[in-house]
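S.K.: Based on the sequences and whatever the hints tell you, model everything.
Each chain, letter by letter, is given below.
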Amino acid sequence: MQILNGEKITLGTCYYPEHWDEALWREDLSRMLACGIEVVRIAEFAWNKIEPAEGVYNYDFFDRFLDVAEEAGMKVIMGTPTATPPAWLTEKYPECLNAGIDGTLYRHGLRRHYNYNSPVYRKLCGNIVEHMAGHYGGRSCVIGWQIDNELNCEANEFYSESDTAAFREYLQKKYGSLEKLNEAWGAVFWNQTYTDWKEVYVPRPTVSGGVNPHQTLDYLRFISESTNEFARMQADIIRKYIKEGDFITTNGLFGHVDYQKMAGESIDFITYDSYPNFAYDLNNYSDKDEMKDRKWSRNLTETRAVSRIFGIMEQQSGAGGWNSRMMQSTPRRGQMTLWTMQSIAHGADFVSYFRWRTCTFGTEIYWHGILDYSGRDNRRLAEVGDIYKKVTALREIAGGEYEAAVGVIKDYDNIFDAEYDKWHERIEKQSQKALFETMQKTHTPMDYVYLTEKTGAEDLQKYRILFYPHPAILSGRQAAVLEEYAAKGGILVFGCRSAYKDWNGKCTMEKLPGVIAELTGADIPEYTAIAPDREVMVRWGEETFPAAVFTDLVDCAGTGKQEAVYISGDDAGMGALVSRQVGEGKVYYYGSAFTEGAVRAFLKEACAENPYGNFIAVPEKCEIAVRVKEGIRYIFVLNYSDTPAEITVLEKMRDMYTGKEVSGSLILEGYGTVCLRRSCDR
Amino acid sequence: MQILNGEKITLGTCYYPEHWDEALWREDLSRMLACGIEVVRIAEFAWNKIEPAEGVYNYDFFDRFLDVAEEAGMKVIMGTPTATPPAWLTEKYPECLNAGIDGTLYRHGLRRHYNYNSPVYRKLCGNIVEHMAGHYGGRSCVIGWQIDNELNCEANEFYSESDTAAFREYLQKKYGSLEKLNEAWGAVFWNQTYTDWKEVYVPRPTVSGGVNPHQTLDYLRFISESTNEFARMQADIIRKYIKEGDFITTNGLFGHVDYQKMAGESIDFITYDSYPNFAYDLNNYSDKDEMKDRKWSRNLTETRAVSRIFGIMEQQSGAGGWNSRMMQSTPRRGQMTLWTMQSIAHGADFVSYFRWRTCTFGTEIYWHGILDYSGRDNRRLAEVGDIYKKVTALREIAGGEYEAAVGVIKDYDNIFDAEYDKWHERIEKQSQKALFETMQKTHTPMDYVYLTEKTGAEDLQKYRILFYPHPAILSGRQAAVLEEYAAKGGILVFGCRSAYKDWNGKCTMEKLPGVIAELTGADIPEYTAIAPDREVMVRWGEETFPAAVFTDLVDCAGTGKQEAVYISGDDAGMGALVSRQVGEGKVYYYGSAFTEGAVRAFLKEACAENPYGNFIAVPEKCEIAVRVKEGIRYIFVLNYSDTPAEITVLEKMRDMYTGKEVSGSLILEGYGTVCLRRSCDR
Amino acid sequence: MQILNGEKITLGTCYYPEHWDEALWREDLSRMLACGIEVVRIAEFAWNKIEPAEGVYNYDFFDRFLDVAEEAGMKVIMGTPTATPPAWLTEKYPECLNAGIDGTLYRHGLRRHYNYNSPVYRKLCGNIVEHMAGHYGGRSCVIGWQIDNELNCEANEFYSESDTAAFREYLQKKYGSLEKLNEAWGAVFWNQTYTDWKEVYVPRPTVSGGVNPHQTLDYLRFISESTNEFARMQADIIRKYIKEGDFITTNGLFGHVDYQKMAGESIDFITYDSYPNFAYDLNNYSDKDEMKDRKWSRNLTETRAVSRIFGIMEQQSGAGGWNSRMMQSTPRRGQMTLWTMQSIAHGADFVSYFRWRTCTFGTEIYWHGILDYSGRDNRRLAEVGDIYKKVTALREIAGGEYEAAVGVIKDYDNIFDAEYDKWHERIEKQSQKALFETMQKTHTPMDYVYLTEKTGAEDLQKYRILFYPHPAILSGRQAAVLEEYAAKGGILVFGCRSAYKDWNGKCTMEKLPGVIAELTGADIPEYTAIAPDREVMVRWGEETFPAAVFTDLVDCAGTGKQEAVYISGDDAGMGALVSRQVGEGKVYYYGSAFTEGAVRAFLKEACAENPYGNFIAVPEKCEIAVRVKEGIRYIFVLNYSDTPAEITVLEKMRDMYTGKEVSGSLILEGYGTVCLRRSCDR
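Residue numbers (the working numbering), protein chains in the order written: chain A, 1 to 682; chain B, 1 to 682; chain C, 1 to 682.
Heads up, a few of these hints could be off.
All copies of an identical chain are treated as equivalent in the list; a pair is satisfied when it fits inside any one copy or across any two copies.
Said to hold, decoys possible - Dumping the calculated EDC-like pairs for lysine to aspartate or glutamate here, alpha-carbon to alpha-carbon at most 16 Å:
#1 288 / 533
#2 198 / 91
#3 621 / 535
#4 441 / 265
#5 488 / 71
#6 511 / 377
#7 123 / 401
#8 49 / 183
#9 198 / 651
#10 604 / 543
#11 433 / 302
#12 92 / 199
#13 240 / 130
Simulated from the structure, these hints should not be mistaken for lab results.
M.R.: Pasting the structure below:
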């Protein structure tokens with residue numbers, strides 16, 4: 001591949017030849033190259049340019065552009081244009097449209113208003129992709145393909161008639177009979193029993209807005225499956241035509257998609273779209289939010305869970321905004337660099353800025369690119385040039401992987417199940433926020449680890465400690481993998497409400513915590529949400545910290561050992577934490593959602609906190625992220641604040657930007673970054 | 001009847017045989033009986049179990065269950081399953097569905113998604129009820145029937161085409177001609193005049209969401225009538241088949257139903273569904289709400305207005321919650337007992353817990369019963385056993401009526417009229433809150449008294465003082481009944497805005513207060529809402545208290561006597577209260593909405609405050625409720641707080657739980673209750 | 001004309017003969033005349049009274065009323081009844097209805113539920129207007145006509161199929177070809193390109209609710225055009241039948257209408273509906289809103305921009321409220337007078353109170369008139385009598401124009417464009433609020449000046465200083481007019497974001513500020529929204545004041561002169577204000593939205609602040625408004641507060657109410673007003 005090949009970090013930008021006078025193309029590409037931009041992504045919203053009427057294809061426009069690109073020496077990523085069907089298409093085939101839950105069709109005029117399951121739409125998308133890949137796939141400047149644009153952005157629920165038809169097929173295949181469907185969905189409750197397949201639908205309007213949760217769980221799995229099928233349909237076509245070494249990707253991370261599956265069957269790697277300036281949007285800003293743009297490190301951690309080394313297809317370079325909503329300030333001096341380094345520190349070897357020049361028309365007139373409308377040289381373009389110098393200096397890092405000894409386990413069944421489960425969602429949100437923020441504050445790099453059908457204990461063993469916060473749904477197979485991980489020396493931490501549901505989201509009648517009762521040595525006789533007029537504290541040895549949202553009362557069973565108790569609230573004195581020695585490792589069952597105090601206590605117990613503390617000391621407001629390659633650690637320190645940060649380098653290391661050895665006190669400017677090189681074996 | 005027969009207080013529970021392996025039935029019933037539960041309600045969501053396809057009936061399932069029940073000695077209440085029509089029914093007959101005001105149909109998947117007026121649905125409901133009652137009505141274990149489930153819960157507005165057709169019929173019957181309809185609805189305003197019956201609809205979407213208020217009033221009366229017809233249709237069928245002594249009830253109290261009518265024509269008594277834990281729902285909790293779960297005493301007062309002695313069909317026993325909304329903590333130690341005693345103190349002789357074991361699937365996986373999913377013994381089951389001991393000790397109270405010397409008059413025409421009248425609603429809400437809370441704080445038991453066509457002065461005479469806060473609509477007949485009440489010694493208090501509307505909700509052109517001008521001796525030349533930047537105080541003799549929301553300027557007319565004036569605000573110096581001696585009693589017209597200060601002043605004037613103060617002193621945070629039977633008062637003291645309460649028993653009384661005589665200081669634990677026995681004639 | 005003829009100030013009221021027993025008519029009119037009310041407006045919601053069935057006309061009802069009016073000597077304004085189509089009409093022709101954006105039709109039952117573009121509705125409206133004007137136009141008591149009622153009130157967006165059809169026609173006429181439409185709308189963005197006219201619609205539901213902004217701009221222009229066509233259609237008919245000297249007007253000012261156009265082609269003058277009591281609505285009240293009812297002076301300034309001398313068709317006389325929303329207190333003693341004088345001070349020579357007697361039925365039972373339901377004499381009627389005395393004393397003012405040396409330029413293209421442009425809306429709102437409030441506080445009368453195709457420099461020259469806050473859209477022609485204004489000595493102030501869009505709302509690729517770059521001598525290399533965690537201050541000579549919302553960095557170009565810089569925020573030290581000497585005048589480009597500090601600085605610079613300060617001193621809480629006639633200034637001072645205000649008259653002037661000479665200290669009661677007479681040439 002021409003990017004992500006371990007040789008260098010590449011810069012790119014998103015370009016829309018159709019938005020500009022052709023006379024500007026040559027100069028635009030040459031200015032890009034002059035500041036280090038070597039790749040452009042094009043065409044992802046340009047269906048009509050190639051197929052202006054059904055079945056009529058015209059390749060001239062992009063042929064002309066690719067000629068210019070080749071001449072200039074610019075590399076090109078082609079996007080398939082299926083996120084914006086032509087007006088002629090949706091007007092003729094309204095069955096291609098997505099709809100709200102009440103059946104109101106989403107109409108032409110924005111983007112992503114189609115559904116994945118309309119047979120007509122699949123066919124028409126197949127046609128355009130076939131023609132594009134067939135015609136442009138062999139062009140020398142083309143280095144890769146992007147499928148659609150931001151799958152499941154804007155809408156990730158689908159309620160068209162095509163979706164109901166496909167959902168029925170999906171369920172027939174899954175369950176075989178209505179008897180099994182009724183059993184799986186607990187349809188006897190409130191007399192929902194189905195007696196004919198035609199009575200089965202995607203969720204529809206109900207009196208109180210509630211929907212059978214087991215149906216919903218299957219529905220979200222179905223949406224994920226539909227999205228993946230749509231992507232695979234395109235990937236299969238593209239692969240027929242592309243040159244050796246060219247790649248297939250898709251951009252962004254959105255809800256209701258199993259990206260683990262997508263990575264396995266359709267794409268070579270994921271490219272994330274990173275817009276940290278949302279943290280400063282005038283409509284969403286909160287003084288109380290400590291993490292702000294630093295929260296995007298959480299998204300990058302998710303991205304890395306799909307592809308260890310990944311790309312950024314859209315890296316924010318200007319103020320974001322639509323005419324109809326969202327209003328951001330322009331990135332401040334240094335923030336573009338900061339956000340670029342944030343991406344690279346987490347594993348990006350390709351960073352493509354959105355977009356070259358700000359569009360002068362349409363919904364996104366306020367979604368600013370590197371350049372403003374006029375295209376005149378500006379501060380942001382200059383900053384790109386400076387970034388190019390830095391990434392050139394970072395060249396040797398390419399291909400190096402992010403290092404983390406702490407993992408947080410996730411899986412899509414629980415993510416989908418929790419989404420409409422307001423009890424579980426509240427618990428999960430609290431814990432995920434506490435885990436991420438505590439890792440950040442304590443400078444403890446972490447990974448998200450998706451537990452799929454293919455995950456084995458060997459995939460987990462590299463983590464000293466794994467949190468699996470609240471897997472309501474947990475299979476015996478998964479429990480066995482986790483047990484093996486612990487047996488081989490791992491530390492495994494469950495939070496409250498683990499393992500109380502089966503694969504359909506139905507609650508187990510076994511003693512809690514169900515399938516992990518033996519593994520954890522815990523027994524949960526009672527549980528409760530923490531009442532709004534109560535504060536519950538936990539004491540674990542010397543440590544005291546607050547519980548949150550929910551409390552399982554955790555007794556010992558078998559070889560479990562009582563570690564901590566609640567010391568306030570209605571259940572003061574009851575058990576809060578049980579551990580069990582499992583082989584060379586340990587399993588914990590903690591009865592509440594995680595707070596910063598709880599996370600710190602577990603990290604301390606596992607000696608996993610601040611692993612680089614011996615050779616670098618940085619203030620809480622800075623992030624530490626480390627990439628490792630061939631026995632070398634590259635330590636990024638990122639200052640998200642607008643004031644200087646003092647860091648102390650306790651051993652001599654090399655400043656990658658300058659190539660100089662540094663040690664002792666080092667001042668990072670506001671929004672400043674540094675990358676320090678250090679052997680792993682010292 | 002086997003419950004509510006004045007012999008004992010009976011415990012029950014809600015059970016769903018269809019949710020569990022049949023192998024569990026026998027053990028479940030035997031565990032219930034072991035802790036004092038003698039009645040189960042079943043079948044109210046089980047249509048498909050009896051009629052799995054249209055016209056195909058199968059009685060086996062519940063025959064088997066009733067066999068087990070009879071064998072175990074368990075009594076059974078059968079619910080008709082009409083709240084959850086089968087999927088085959090609504091798929092085939094979508095005209096049975098209810099709809100939103102914009103016509104969007106509410107679909108299969110929750111409950112209560114049907115309308116009462118579809119002829120097809122009435123017929124199909126008649127069929128299932130006829131078959132159920134015919135088959136199971138004679139079973140020896142069956143002691144009564146519940147019609148539907150929570151009529152008008154979830155949705156109490158109906159906008160289907162069937163409803164429009166029925167509304168037209170209702171109006172044709174009521175008005176005879178469009179001329180009279182136009183006159184009644186003031187249709188000349190904004191040119192709403194109807195010239196053909198087919199132009200008349202239930203409310204539909206309008207530009208600003210407003211609807212003709214007189215049409216709305218008729219529409220709500222029509223909904224109430226539809227609900228009552230639907231209930232009566234079922235009751236009439238059931239009565240044909242049931243054994244002598246078996247009863248008919250329905251559960252819950254919801255909007256847009258005239259329960260006075262229902263009690264007179266369909267049900268033997270009402271059974272309320274009491275869920276005080278909503279006060280601690282994580283989504284609704286407010287620190288500022290002083291009354292919290294104590295507010296359910298207001299609902300129980302409403303229940304008592306339907307049936308002096310009533311049942312609780314669903315008494316909360318666990319945390320409430322749906323997967324899609326609502327999240328409550330588990331009732332704390334003692335709260336189940338507290339809420340049970342709250343029900344009993346207000347007149348419940350049957351208390352049935354919702355539900356035996358928490359359902360492991362469906363929307364209500366978080367609506368916890370006595371037992372959790374596993375069914376293992378737990379704290380709440382133990383508390384039921386303790387409650388059983390207490391209600392056994394209270395046995396002699398059964399049939400005794402709640403005692404109140406203060407009444408608050410209500411009527412459905414004003415309730416319906418005020419609902420969409422935002423001016424009146426604000427006034428009414430303020431006063432009803434102040435009345436209830438002040439009675440609670442001053443330990444002054446009160447009744448709600450519904451003024452119906454059948455109510456005579458003799459029904460009112462037992463109250464020393466009656467508040468009729470703001471009857472905008474008031475007929476001459478009603479005024480005459482009230483005058484007679486006063487003439488015979490009663491004290492009658494009207495608040496602002498009384499009697500300014502006619503029976504159609506149109507405003508009178510008479511001098512205000514219209515039909516009660518003479519009765520009250522009041523004349524109201526002007527009125528105003530209290531401006532948001534004003535505070536208005538009232539001086540009445542020695543007392544000073546705030547007015548609220550609205551002020552009528554109240555002058556004297558005829559034999560009226562000026563009692564109080566506004567002393568601040570734009571109308572300082574103007575009249576606020578006029579009284580008139582009527583026979584042996586007195587009538588007051590007070591020009592504002594009621595505040596705590598105003599209510600206290602009227603209670604003081606009537607010497608009606610804290611009627612048991614001479615023999616018991618309790619802190620404000622405890623409720624006093626008294627049931628009387630055969631010359632004995634049973635005084636309940638209920639501590640809603642989580643801290644102990646000291647009460648002082650000023651005369652010797654018997655503690656009913658222990659059978660011991662007590663006097664002097666008595667400490668109630670947090671959530672503690674006591675019931676003290678005292679002769680009325682002492 | 002019998003009103004607005006420069007001879008006197010006339011009082012009127014809104015009367016609904018169809019709401020009352022005919023027996024009341026004579027007495028009502030005679031009571032009106034007794035307190036000085038000489039005009040009634042009638043019939044605007046009475047379609048059925050004249051056309052009870054399609055094509056069936058009956059003139060009797062209003063013939064009878066007009067007979068009574070003529071006999072009594074009452075003048076009459078007839079309203080066309082097209083705002084409330086009959087039930088028979090919308091039931092038979094549902095295509096006449098307006099709809100929500102999702103296509104849900106707005107149904108009969110409120111008002112204004114029709115669309116302007118249905119050919120059937122235009123025809124039926126034409127018929128009723130033709131018949132009304134034909135029949136009643138010649139009656140001697142009739143003095144004028146009101147078209148419809150409050151055009152674009154309730155709904156000012158239209159989404160019916162008739163609107164789509166008309167929108168297509170509008171666009172075909174405007175653009176001629178789809179190529180030009182696609183170009184104008186930037187349809188290449190997100191592949192919106194249209195290939196057939198039938199693919200073009202009014203805005204429809206989209207996934208995220210966004211709509212192409214250029215389409216939206218055309219859509220709002222189209223709505224305005226539709227409204228104006230509908231009005232003109234009626235006006236053209238009416239003019240055929242009315243007597244010489246009779247006038248045509250319409251009432252209220254609402255969104256999406258170009259009133260400059262309407263004034264030029266359909267109406268003789270505008271009549272505003274003034275309801276300042278909304279400031280005290282219980283649902284909208286805010287302690288923080290300093291201006292409250294004084295804000296209506298802003299609306300009156302808008303009214304004056306349509307007609308220098310205008311009428312008030314509905315002047316609030318009682319509490320406002322619908323049954324379904326809105327709840328106001330009764331106007332306080334003096335407020336009716338205050339609000340009447342507010343209208344007159346701004347240029348009203350006709351003030352008609354809404355309404356005579358409060359309607360006893362319908363949605364507006366709480367929209368109070370002068371009289372309450374009973375019609376008995378009351379405080380408000382007495383206040384009308386007092387007002388009549390005052391306006392009689394003010395007789396000589398009639399025809400005198402409001403005097404302002406400060407203007408704020410507006411235009412409909414920018415108003416429409418900003419409405420769905422959330423960036424621009426925020427900027428515009430900030431500045432308009434600051435401009436109005438600062439003028440009020442500094443006692444600096446101002447005008448709104450609409451820049452239309454017909455506006456020439458000569459129309460602007462009377463203003464010493466003109467603010468054109470943020471004209472995103474600005475044509476070369478407009479820039480030339482403005483340049484001429486400056487060249488002849490005017491001071492012209494632009495705020496940030498001026499001139500960055502073209503006539504389609506597309507952004508210019510020229511250097512900013514585009515078409516006014518040369519005129520202003522400014523160059524804007526960068527810009528940003530002010531981040532929510534930043535405060536930006538500006539220093540201009542001695543003055544320091546806050547910027548707001550947005551900052552353009554403003555450099556000099558050509559002969560521009562740097563006047564001010566930002567002194568805090570991310571761009572401290574950058575340019576904030578550039579001026580350029582243009583002929584005898586000066587042009588400023590200010591880089592932010594206006595704050596009070598900024599406005600004060602510009603007024604000071606132009607010596608335009610508090611122009612009457614030499615002869616009268618009044619506290620900030622009072623408004624000064626001046627009308628001029630034949631060399632005499634009539635200075636109104638209006639006290640909006642409920643406490644007395646001391647004003648100091650520095651020269652002898654005549655108090656118009658009393659006719660006495662006054663000077664020195666003068667105390668205005670709470671809500672008090674005074675009008676002082678002073679020669680202009682002193």
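S.K.: Now look at each hint and say whether the structure bears it out.
M.R.: Structure-based check of all given hints:
In the homo-oligomer, the alpha carbons of residue 288 and residue 533 lie at most 16 Å apart only across protomers (12 Å), although the nearest pairing inside one protomer, at 22 Å, exceeds that limit. Taking the shortest Cα distances, residue 198 and residue 91 sit within 16 Å of each other only across copies (8 Å), while inside one copy they are farther apart (28 Å). In this homomeric assembly, residue 621 and residue 535 never come within 16 Å of each other (Cα to Cα): the closest approach is 28 Å inside a single copy and 22 Å across copies. Taking CA atoms no more than 16 Å apart as the test, residue 441 paired with residue 265 passes in neither setting, with 37 Å inside one copy and 68 Å between copies.
When the C-alpha separation of residue 488 and residue 71 is checked against a cutoff of 16 Å, the pair qualifies neither within a copy, at 57 Å, nor between copies, at 55 Å. In this assembly of identical chains, residue 511 and residue 377 lie within 16 Å of each other by CA distance solely across copies; the values are 11 Å between and 67 Å within a copy. Taking the closest pair of Cα atoms, residue 123 and residue 401 never come within 16 Å of each other, the shortest separation being 40 Å inside a single copy and 70 Å across copies. Only between protomers do residue 49 and residue 183 lie at most 16 Å apart by alpha-carbon distance; the minimum there is 14 Å, versus 50 Å within a single protomer.
Taking identical chains as interchangeable, the C-alpha atoms of residue 198 and residue 651 are never at most 16 Å apart, the minima being 70 Å within one chain and 71 Å between chains. Taking CA atoms no more than 16 Å apart as the test, residue 604 paired with residue 543 passes inside one copy only; the shortest distance there is 10 Å, against 57 Å between copies. Proximity of residue 433 to residue 302 under the C-alpha cut-off of 16 Å is restricted to the intra-copy arrangement: shortest distance 14 Å within a copy versus 45 Å between copies. For a Cα distance limit of 16 Å, the shortest separation of residue 92 from residue 199 across copies, 9 Å, qualifies, whereas the shortest one inside one copy, 28 Å, does not.
Proximity of residue 240 to residue 130 under the C-alpha cut-off of 16 Å is restricted to the intra-copy arrangement: shortest distance 9 Å within a copy versus 66 Å between copies.
The structure fails hints 3, 4, 5, 7 and 9 (numbered hints given earlier, in ascending order).
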